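Protein chains: 2
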Amino acid sequence: MYLETINAPADIRDYTAEQRRILAREMREALIERTSLIGGHIGPNLGIIEATIALHTVFDSPRDKIIFDVSHQCYPHKMLTGRVGAYTRAAEYHDVSGFTNTDESEHDLFNIGHTSTGISLAAGLAKARNLAGGTENVVVVIGDGAMSGGEALEGLNVIGEMGTNFIIVFNDNDQSISENHGGMYAKFKEMRETNGQAEDNLFRALGLRYRYVADGNDAEELIRVFSEEKDSTSPVVIHIHTIKGKGLSFAEADPEGWHRHAPFHVETGIAKNESHPDPYAVATVDFVLDAARRNPNFVYLSAGIVGGINLSPAERAELGSQYVDVGIAEEHAVAMASGLAKAGARPIFGTYSTFFQRTYDQMSQDVAINRNPAVFLATGTSLYRSTDVTHLGFYDISIFSNIPNLVHLAPTSVAEHIAVLRWAVEQTEYPVMIRMPFTGYVESPYPVRTDYSALNKSIVVTEGADVALIGVGNFAALASEAAEELARERIHATVVNPLYLSGLDEELLDSLREKHSLILTVEDGILAGGFGQKVASFYARTGDVRVLTYGLPKAFFNRYNPDELARRYHLTAPQIAADVLRELA
Amino acid sequence: MYLETINAPADIRDYTAEQRRILAREMREALIERTSLIGGHIGPNLGIIEATIALHTVFDSPRDKIIFDVSHQCYPHKMLTGRVGAYTRAAEYHDVSGFTNTDESEHDLFNIGHTSTGISLAAGLAKARNLAGGTENVVVVIGDGAMSGGEALEGLNVIGEMGTNFIIVFNDNDQSISENHGGMYAKFKEMRETNGQAEDNLFRALGLRYRYVADGNDAEELIRVFSEEKDSTSPVVIHIHTIKGKGLSFAEADPEGWHRHAPFHVETGIAKNESHPDPYAVATVDFVLDAARRNPNFVYLSAGIVGGINLSPAERAELGSQYVDVGIAEEHAVAMASGLAKAGARPIFGTYSTFFQRTYDQMSQDVAINRNPAVFLATGTSLYRSTDVTHLGFYDISIFSNIPNLVHLAPTSVAEHIAVLRWAVEQTEYPVMIRMPFTGYVESPYPVRTDYSALNKSIVVTEGADVALIGVGNFAALASEAAEELARERIHATVVNPLYLSGLDEELLDSLREKHSLILTVEDGILAGGFGQKVASFYARTGDVRVLTYGLPKAFFNRYNPDELARRYHLTAPQIAADVLRELA
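Protein chains in written order, with the working numbering: chain A, 76 to 660; chain B, 76 to 660.
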């Protein structure tokens with residue numbers, strides 16, 4: 076076996092074509108076995124094995140700089156750069172992350188998880204090289220839909236006038252996560268069909284040279300082309316056509332379903348564990364389909380990840396023209412939602428919290444200043460969701476609750492979430508952003524309102540005294556559980572569901588002074604700039620009520636255990652109850 | 076005179092060519108006279124007079140939707156849509172804003188001030204029209220460098236597969252604010268030189284049809300082409316070549332200097348009032364030139380607005396390859412700065428606070444997660460700077476101080492600003508963002524440190540008791556002035572310069588408890604998510620010290636009087652002193 080003997084890229088540099096062929100087969104087998112056991116981004120990585128072998132044969136990493144965008148295509152790269160055990164030995168599978176990671180290897184230049192960043196990051200490496208008089212190659216591998224993102228397009232335009240060594244390997248597998256969208260992809264198809272000869276080449280239009288490799292899974296051809304471009308002195312795009320999922324029949328046949336996959340039976344492709352559909356997402360999909368039937372001007376916008384609620388191909392087909400996938404282009408999606416709302420349509424744009432981060436300016440300028448009543452649905456907004464540092468979903472309160480005019484809501488249960496969503500879509504006064512619940516209540520333990528027009532009205536869930544627990548969104552249930560723990564100690568806490576993140580119910584907060592000397596806020600997000608600090612600031616004016624804020628510190632976390640993280644910051648009911656007992660003692 | 080008789084676009088629809096010629100002349104004269112008296116975006120608007128006449132002759136606004144991107148080119152549009160008095164009668168000059176404004180007219184669809192948003196906003200209008208079965212035209216006028224922004228490029232790509240009426244008028248005057256940058260502009264030049272026939276057309280590459288109009292200041296030719304495209308059923312780009320500053324010789328000769336201009340003598344083009352250079356910007360420019368001389372790996376990045384510190388053509392020339400203008404592409408600039416820092420260069424990227432809003436995700440993902448020690452210089456960070464709702468500079472504390480790993484600093488004087496900047500560029504541990512001071516101290520009244528590596532160490536400027544005033548950045552001087560007012564009443568306040576926005580000096584705050592029962596925070600920004608709320612939250616845990624937070628409420632403001640706004644929110648020394656006296660009474 077070749078694979079297990081590779082400690083560094085230099086080990087494969089003198090391989091023969093036959094050795095490379097065997098190596099590719101071994102890598103493919105290892106990837107399939109590993110994914111069948113622990114899941115992962117299988118489709119993209121199967122497609123890019125040969126290109127990765129070719130890159131590490133021709134270029135001299137880490138002296139030459141190779142950047143992967145989006146870096147979920149980095150598994151073959153990690154196999155060839157000193158981390159092979161993490162792909163061949165089950166006990167070491169979890170030693171590496173699913174993205175390039177600067178802590179793991181000098182061959183990983185950046186921690187990259189969001190798409191479309193690689194060209195711009197690498198532009199900095201290239202410029203620094205030029206200033207220092209260096210001669211190393213700068214190579215960016217970009218694909219899986221990343222090309223349509225604004226940051227990537229800005230980067231292409233800047234590189235187009237750099238006039239310096241800069242090699243972009245455009246990995247075109249005709250897919251982002253779901254199908255590709257946007258005018259450029261029709262043209263890329265034309266380019267594939269004409270062996271790269273089609274007119275009106277996007278890359279040349281931006282000032283770059285262009286080459287086409289029809290079989291991007293042919294390592295020998297790739298080595299030939301990469302060798303010709305190595306040390307070239309003007310920027311070039313090498314467009315390689317690869318097969319997403321290559322070598323795994325199920326993945327080749329269903330590239331969307333196998334972009335990322337849970338553990339599966341290798342013989343049948345059937346998932347090993349039944350998937351547990353998220354009840355919040357299921358209810359949201361039902362709501363969306365129903366809203367589309369009721370109102371021909373309702374439209375659901377997605378930016379390349381099936382709306383953040385995993386709309387199936389059948390559901391997208393049912394929505395028809397009332398579903399728009401703009402590709403990976405979140406900024407565009409937010410602005411487009413504003414335009415839709417301005418013209419009387421009723422849009423929802425849904426995506427993960429971590430990707431909404433890209434849209435601060437659009438949310439502020441295009442939406443909020445214009446007060447256009449578009450609806451934004453943020454998913455994955457919890458410390459219990461993605462634990463990769465590049466995909467954390469708990470910074471959004473501090474981002475979006477501080478934008479004027481935007482109504483930011485954190486419902487606590489399926490019923491409240493759908494009620495809030497229905498109100499948001501029906502009203503036409505406010506732009507609204509909703510944090511889709513993740514953990515916490517499925518059934519609401521208390522009555523759910525239908526009208527949310529009286530902004531910032533919080534609800535007292537349980538009447539008590541001495542201490543009040545304000546549990547935000549996902550953590551409303553946590554606040555109630557803590558109150559139950561306290562009740563066993565004969566402390567009868569008040570529990571409040573604030574719902575509104577974008578404003579305080581000052582009347583309610585004022586009234587709490589009468590019977591309470593201690594207030595706790597509990598939110599599923601960072602404290603800095605968040606909800607609790609607003610409550611604390613309210614009471615700090617008078618100092619007559621003490622406020623303890625519960626949430627996460629302002630920090631990045633990577634591949635953590637969510638339960639451990641929650642315990643570390645006292646985000647469990649027993650810890651909160653114990654803290655209250657100590658404070659009241 | 077035709078101009079003064081125009082109340083609505085319908086009034087010009089039956090004009091003859093000769094009447095339009097005269098109208099254009101009258102509009103040009105009015106624009107020049109108005110700008111000579113009150114200043115404004117003269118260059119862009121002189122260039123787009125004929126195109127605006129043609130648009131309002133061919134299309135039926137507001138039924139047809141015309142969107143201006145960037146909307147500082149909207150003066151001629153306002154003249155033809157019921158607001159002519161604001162351009163012909165000095166007493167009414169200030170009745171309109173310098174941007175499209177939904178409060179002013181139904182002909183203004185959006186409040187637009189940031190570039191590159193128009194195509195995406197209009198995509199929403201077009202989609203809403205399609206859902207509703209409407210037939211109106213959707214027209215976007217884009218130019219002045221806006222095409223290189225990521226949101227515009229994302230929008231083009233999405234429009235490219237819409238297959239529906241969508242007319243983009245690309246106003247190409249070969250300039251953004253300074254010269255254009257990026258590979259696309261070389262190609263646009265080729266297109267101008269070949270009458271639109273050059274190969275590798277960017278717009279066609281993205282799926283749009285393309286037409287070229289060589290003389291974009293010929294209203295008759297524009298009317299012919301617009302008429303042909305009116306009611307067309309597939310997206311088209313009409314590339315029109317216009318002369319920025321047309322009809323004003325000084326502006327034609329120096330399009331950068333006359334992009335926006337202060338009041339001037341019409342005969343000579345000489346400014347009426349001597350300009351008062353901003354001492355903070357002047358010192359920063361000196362620092363930058365010096366840093367570049369000392370370190371060949373130092374580089375200053377700009378995104379289309381001469382670095383936010385108005386680097387002159389001579390200064391840019393002196394910087395040579397150590398100055399990079401990426402065009403309007405802030406996201407790219409932030410990521411590129413990260414790459415530069417990673418590779419050992421020492422970059423500063425400077426732009427206005429309002430444009431940094433576009434880069435939350437890049438600052439978090441590309442910079443902060445990677446801990447690359449790039450330096451970011453935010454200018455215009457004050458309620459005393461731009462008062463246009465789309466260009467406000469006081470939201471940045473709540474945005475950037477809440478990003479982990481990013482050191483966010485608010486120096487208080489020229490000396491402290493330069494000391495902080497020098498430290499930021501020399502150290503290689505932290506990404507750093509600096510709020511360049513605007514108002515407040517020029518000379519520092521207290522000693523300035525040279526090393527800022529001990530993060531979050533605040534400085535006690537004046538030792539006192541009972542009340543402590545924590546004055547942030549620009550408002551450090553305000554805190555000291557309030558302390559002086561209080562001293563007259565025999566209250567000796569402590570004054571603190573926190574400097575660090577991204578973390579609290581908890582040791583100092585703890586020690587303040589001993590002699591102080593009241594703390595005031597004063598910041599030149601919104602309170603929500605800002606610095607004061609963090610201080611308040613710190614003390615609210617114990618409730619033994621009261622905290623009053625001074626700053627702006629979370630709201631948008633438009634064309635306000637800064638002094639009035641400051642008074643409304645008690646951001647003056649006498650008001651603060653009076654408040655303290657009342658609180659301590």
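What the hints contain is simulated information worked out from the structure, not anything from laboratory work. Hints are not guaranteed to be accurate.
Beta-carbon label-pair distances, calculated as ranges [claimed, not checked]:
#  : chain 1 : residue 1 : chain 2 : residue 2 : range
1  : A       : R335      : B       : N372      : 15 to 25 Å
2  : B       : D654      : A       : D526      : 32 to 42 Å
3  : A       : R335      : B       : R286      : 50 to 60 Å
4  : A       : D170      : B       : L640      : 51 to 61 Å
5  : A       : A83       : B       : D329      : 32 to 42 Å
6  : B       : N385      : A       : L112      : 53 to 63 Å
7  : B       : E79       : A       : G419      : 27 to 37 Å
8  : B       : D654      : A       : L659      : 49 to 59 Å
9  : A       : A261      : B       : R286      : 37 to 47 Å
10 : B       : V535      : A       : S307      : 50 to 60 Å
11 : A       : A630      : B       : V535      : 25 to 35 Å
12 : A       : A83       : B       : N372      : 26 to 36 Å
13 : A       : D135      : B       : V517      : 22 to 32 Å
14 : B       : D329      : A       : N370      : 36 to 46 Å
Going by beta-carbon spacing under 10 Å, a handful of chain A positions derived as facing chain B [to be verified]:
#  : residue
15 : Y90
16 : L196
17 : R204
18 : L231
19 : R279
20 : N372
21 : S413
22 : K417
23 : Y435
24 : A529
25 : Y614
26 : T617
Note that the structure is predicted; figures quoted are calculated from it, not measured. We treat Cβ as the ideally placed atom computed from N, Cα and C, and that holds for glycine.
So, going through the hints one by one against the coordinates:
no. : hint                        : verdict
1   : R335/A - N372/B: 15 to 25 Å : violated, 40 Å
2   : D654/B - D526/A: 32 to 42 Å : holds, 38 Å
3   : R335/A - R286/B: 50 to 60 Å : violated, 43 Å
4   : D170/A - L640/B: 51 to 61 Å : holds, 56 Å
5   : A83/A - D329/B: 32 to 42 Å  : violated, 57 Å
6   : N385/B - L112/A: 53 to 63 Å : holds, 59 Å
7   : E79/B - G419/A: 27 to 37 Å  : holds, 35 Å
8   : D654/B - L659/A: 49 to 59 Å : violated, 33 Å
9   : A261/A - R286/B: 37 to 47 Å : violated, 20 Å
10  : V535/B - S307/A: 50 to 60 Å : holds, 58 Å
11  : A630/A - V535/B: 25 to 35 Å : holds, 28 Å
12  : A83/A - N372/B: 26 to 36 Å  : holds, 28 Å
13  : D135/A - V517/B: 22 to 32 Å : violated, 52 Å
14  : D329/B - N370/A: 36 to 46 Å : violated, 54 Å
15  : Y90                         : violated, 30 Å
16  : L196                        : holds, 4 Å
17  : R204                        : holds, 7 Å
18  : L231                        : holds, 7 Å
19  : R279                        : holds, 4 Å
20  : N372                        : holds, 5 Å
21  : S413                        : holds, 6 Å
22  : K417                        : holds, 6 Å
23  : Y435                        : holds, 4 Å
24  : A529                        : violated, 19 Å
25  : Y614                        : holds, 6 Å
26  : T617                        : holds, 6 Å
The structure does not agree with the numbered hints 1, 3, 5, 8, 9, 13, 14, 15 and 24 stated previously, though it agrees with the rest.
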